[in-house]
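Undergrad: Here's the letter readout for the chains.
Number of protein chains: 2
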Amino acid sequence: MQQIAQITDFSALPGLHWQENGQLSLSGSLLRLYKKIDQKILSFIPDIIFDEQQFSPFISAEQLHKLDYLHGFPHLITMPVTLDSSQASLQAFTAAPLNENGNLNLTNIAPCREVLTPAACYHFYEKQSDTELNGPCYLTTLCTCFRRESAYHPLTRQWAFSMREFVCLGTQEEVQEFLQRFEKALNSYFQKQLWPVIFEQATDPFFNPLVNAKYVVQKLEPVKREMIYAGNVAIGSFNFHRTFFGERFNIRRQGEAVFSACVAFGLERWLYAVLATCGPDEKDWQI
Amino acid sequence: MQQIAQITDFSALPGLHWQENGQLSLSGSLLRLYKKIDQKILSFIPDIIFDEQQFSPFISAEQLHKLDYLHGFPHLITMPVTLDSSQASLQAFTAAPLNENGNLNLTNIAPCREVLTPAACYHFYEKQSDTELNGPCYLTTLCTCFRRESAYHPLTRQWAFSMREFVCLGTQEEVQEFLQRFEKALNSYFQKQLWPVIFEQATDPFFNPLVNAKYVVQKLEPVKREMIYAGNVAIGSFNFHRTFFGERFNIRRQGEAVFSACVAFGLERWLYAVLATCGPDEKDWQI
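Protein chains in written order, with this note's numbering: chain D, 9 to 295; chain F, 9 to 295.
Don't take each hint at face value.
Copies of the same chain look alike in the list, so a pair counts if it works inside one copy or between any two.
Computed cross-link-like contacts, DSBU-like style, restricted to lysine-lysine with a CA-CA straight-line distance of at most 30 Å [as the list claims (entries may be wrong)]:
hint, residue 1, residue 2
1, 48, 74
2, 192, 48
3, 222, 74
4, 74, 43
5, 74, 192
6, 43, 135
7, 48, 222
8, 291, 43
9, 232, 291
10, 291, 135
11, 44, 135
12, 291, 74
13, 222, 200
14, 200, 74
15, 44, 74
16, 135, 200
17, 222, 232
18, 222, 291
19, 232, 135
20, 222, 44
21, 43, 222
22, 200, 291
23, 200, 44
None of these hints come from the bench; they were simulated from the model. Treat the numbers as computed from the prediction; the structure is a model and nothing was measured.
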């Protein structure tokens, strides 16, 4: 295995610009690596044709509420808020847009009905609502996702990050085969790359986990497995949803709520894995 | 010239999914067309190497305030708001996340210091703050931008939309040559395509324009020209900023505030132009 963590300060890499407000920009060789990683991930299961889709970043709060997300993860959500559009309230805002601490003066905000999506695949279930599927459905998207955290680190914990997701909607057998094929392909890939990745059962970071029934269910019936790089960075996850999304969004197959699963990859964390494994020089990067 | 507006309902196109909350998703042939349009736009000036960069979507409100944006366009801004992170306030939110109208219950929000960027190029000026440039700087990015409007239409007026921008920072001559080369390339392109595009002087949509000094300056000293498709859809713009950004962000060239200009393209509006010119069938699409 190659040496791990040759880079002590990921914010100091050329082409990586990390801003005080937890925002990342990429350029040069790192942006090229980011695009290559996405292409590599898209190549793992070459014989399934995934229908690629591209989404705007907002998702309806009402739709997200169908998943109990607002109950389960209120600490993570970011909402796109606008000012009340009356002349008086816009005028009041322009008189002092920022207070003495540099915070926006949000005294008159308009009603807000959207959330900046915390996961890429939610868009798919919403879009497929109230449909009957005739066969398995294989979907993929690359999406900016948003999760507020108490602290941010470049590449590994960002307020905004890039998620490449693959989704299968189908029968239980189709969905499980999809997960198994990804797991097999990733196992080979990590071995070939000599990446120190283990697959580990995980639970989502619920608010008040011990009193949240869904957390308890996740503990009893494991549905999420993560790909953990070097003991502490989850670079991807396998998620078997059973019929949860099928039921909540009335997506059916052969008259029954459809099964679903997704495989999700955090692209910035894959950048981290390449850099931590191979070092800072472009000539050493292998993906 | 080919027939215009063969498509009466753009929200009914296959592969275009338009949601109630003004969000667009693209798939299939339309997503392929979107990517081809971006590649075409990137090819207009082949002998300038533009440094491509990718940004997270938030920009610091304090930085945006340096441009008087919060004064000039309070009606357009969208802000990423999170809940106050105390246990009590998260608990209060989870008791009733949505009110009876489906609006989020935003009674306890955390201080907010960011804006969802309304234009792609602002990221560049912030990043180049307090630097001295040795030569001209040519930059490009594809960025999701956000502008709240009173009504939305698929492809032509969206809350979130894709902007491909090219920026030149340099001397007055370098910046003007950059603009002229784009104008010449675009003129040839629109003629070849038989697109009904005219270049027209424009002003930004200021709040309270008649009392806004910057609006008056824009009227007196034209700095913005738009590419207007079929009389009513601005599919791009040329913007000559003189030393405005150089001064506000302290970006210097030969000891003086740098000149800058940008050329911006709305990718969904280019999709609209192709579809309105060529019709809904993929085999007829020429770009």
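Undergrad: Could you work out which earlier hints the structure fails to respect and list their numbers in ascending sequence?
TA: Violated: hints 1, 4, 5, 7, 9, 12, 13, 14, 15, 16, 18, 20 and 21.
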